[in-house]
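There are 2 protein chains.
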Amino acid sequence: MREAFHDQLDGIFADLSEICGQVEVAVREATKALMTGDVHTAEQVIGNDKAIDAARERVDDTAFALLSLQQPVAGDLRIVVSALRMVSELERMGDLSVHVAKIARLRVPSVAVPEELRPTMEKMAATAEDMVRRVRSIIIDRDVEAAIELGRDDEVMDQLRRKSFTELLSTDWHHGVEAAVDIALLGRYYERIADHAVSVANRVVFVVTGEVPAKD
Amino acid sequence: MREAFHDQLDGIFADLSEICGQVEVAVREATKALMTGDVHTAEQVIGNDKAIDAARERVDDTAFALLSLQQPVAGDLRIVVSALRMVSELERMGDLSVHVAKIARLRVPSVAVPEELRPTMEKMAATAEDMVRRVRSIIIDRDVEAAIELGRDDEVMDQLRRKSFTELLSTDWHHGVEAAVDIALLGRYYERIADHAVSVANRVVFVVTGEVPAKD
Chain L
1 MREAFHDQLD GIFADLSEIC GQVEVAVREA TKALMTGDVH TAEQVIGNDK
51 AIDAARERVD DTAFALLSLQ QPVAGDLRIV VSALRMVSEL ERMGDLSVHV
101 AKIARLRVPS VAVPEELRPT MEKMAATAED MVRRVRSIII DRDVEAAIEL
151 GRDDEVMDQL RRKSFTELLS TDWHHGVEAA VDIALLGRYY ERIADHAVSV
201 ANRVVFVVTG EVPAKD
Chain A
1 MREAFHDQLD GIFADLSEIC GQVEVAVREA TKALMTGDVH TAEQVIGNDK
51 AIDAARERVD DTAFALLSLQ QPVAGDLRIV VSALRMVSEL ERMGDLSVHV
101 AKIARLRVPS VAVPEELRPT MEKMAATAED MVRRVRSIII DRDVEAAIEL
151 GRDDEVMDQL RRKSFTELLS TDWHHGVEAA VDIALLGRYY ERIADHAVSV
201 ANRVVFVVTG EVPAKD
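Order-wise, the sequence lines are chains L and A.
Those letters in the first sequence? Residues 1 to 216, per UniProt numbering, in order.
Those letters in the second sequence? Residues 1 to 216, per UniProt numbering, in order.
It should be emphasised that the hints constitute simulated quantities derived from the structure, not laboratory data.
Incorrect hints may have been included.
For chains that are exact copies, the list does not tell them apart, and a pair is met inside one copy or across any two.
[Stated by the list, open to error] For lysine-lysine, the following DSS-like pairs were computed, each having C-alpha atoms within a straight-line distance of at most 27 Å:
#1 LYS123 / LYS32
#2 LYS32 / LYS163
#3 LYS123 / LYS163
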């Protein structure tokens with residue numbers, strides 16, 4: 001019984017890492033669409049989100065079956081509930097990538113990000129993508145140290161977001177209100193992707209150690 | 001056993017409605033701080049969020065105890081997991097109110113919302129607050145019809161958000177980039193509060209009927 005439980009749990013974590021891989025693609029391609037104004041790539045990100053939603057439903061079903069049939073208690077119960085929470089955060093990260101892709105699509109044939117904002121926005125996007133990639137490894141390896149490190153690196157995203165605001169509010173901004181609104185919302189979306197990545201990593205720590213990492 | 005289960009479940013739903021009441025206060029007071037530039041009220045919303053977080057933890061603990069001790073299966077299991085999801089959405093709605101309060105605080109002694117944007121922003125805030133109030137009744141009465149109606153009214157929020165963008169992007173906008181960024185983010189926060197309200201309402205439908213309402 002216990003062995004069956006842990007086999008099924010491993011299956012759930014394999015699914016989580018696969019979904020995390022799909023999210024990684026979504027973040028990367030949404031950023032590509034954003035930076036190049038490529039409508040085809042934007043449409044692909046938007047269309048592919050259905051696959052992430054469907055994968056999330058499968059994990060939900062498997063986790064419910066596990067809860068019903070194996071009736072785990074204590075730590076095992078908390079692990080399964082953590083998996084349910086992780087998958088809903090991963091789905092949300094997919095949704096946020098879709099939001100990025102939709103801003104990209106809205107501005108085609110232009111590009112939403114003005115030239116001088118590109119370095120900061122590209123760093124935000126790269127940071128978000130990197131965090132998603134690392135979360136995937138963290139899920140696969142149940143790597144507590146890497147998870148705690150990821151939480152610390154979230155500060156990088158906060159700094160980048162502040163930098164983008166400083167650039168936006170500089171006195172020589174001449175790209176108009178529409179571009180400013182796009183930048184503000186894009187910054188918010190990438191920041192939320194990073195937040196969710198940290199949260200998923202923290203749940204891995206909890207799954208392995210039974211303890212939630214302390215908030216700074 | 002079954003009776004004990006349902007008593008404890010009723011207790012969880014009573015806690016959920018109470019937290020929803022705290023969120024309603026947070027949304028209302030954050031809006032008040034935003035529209036009046038009242039730093040004291042903004043600080044209160046930010047400070048009170050700890051109580052919402054603590055209440056969420058209590059619901060989590062109760063739900064876990066229920067799962068461990070009563071080992072519900074099938075429909076009962078899904079109800080408890082739904083309650084866990086509802087409480088995390090309510091907590092998030094509290095966080096979003098804090099974001100609104102922080103924008104208010106940042107602009108003191110000014111007011112973040114320019115005069116001609118006030119009508120639309122006030123309607124967005126009132127719509128969000130009204131949806132939270134209705135969700136509370138929906139939780140208390142397990143009112144499926146009201147829940148389905150709430151989902152339909154979400155369209156009002158989408159229209160208001162589009163309206164605020166039109167106003168922002170009108171050619172005679174002269175409030176600068178900072179105000180535009182504030183409006184864009186505030187609109188996003190209120191929209192997300194409304195999204196979560198609909199999601200909580202849908203979970204009530206699921207708890208009562210065992211079916212998730214169809215997405216439009």
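With identical chains treated as interchangeable, where does the CA-CA distance between LYS32 and LYS163 reach 27 Å or less: within a copy, between copies, both, or neither? within (21 Å within a copy, 29 Å between copies)
Within a copy, between copies, both or neither: where do LYS123 and LYS32 come within 27 Å Cα-Cα? Only inside one copy: LYS123 and LYS32 sit 13 Å apart there, 36 Å across copies, limit 27 Å.
Up to 27 Å between alpha-carbons, please classify LYS123 paired with LYS163: within, between, both or neither. Classified as within: same-chain Cα gap 11 Å, cross-chain 32 Å, threshold 27 Å.
When the structure is compared with the earlier hints, no violation turns up for any of them.
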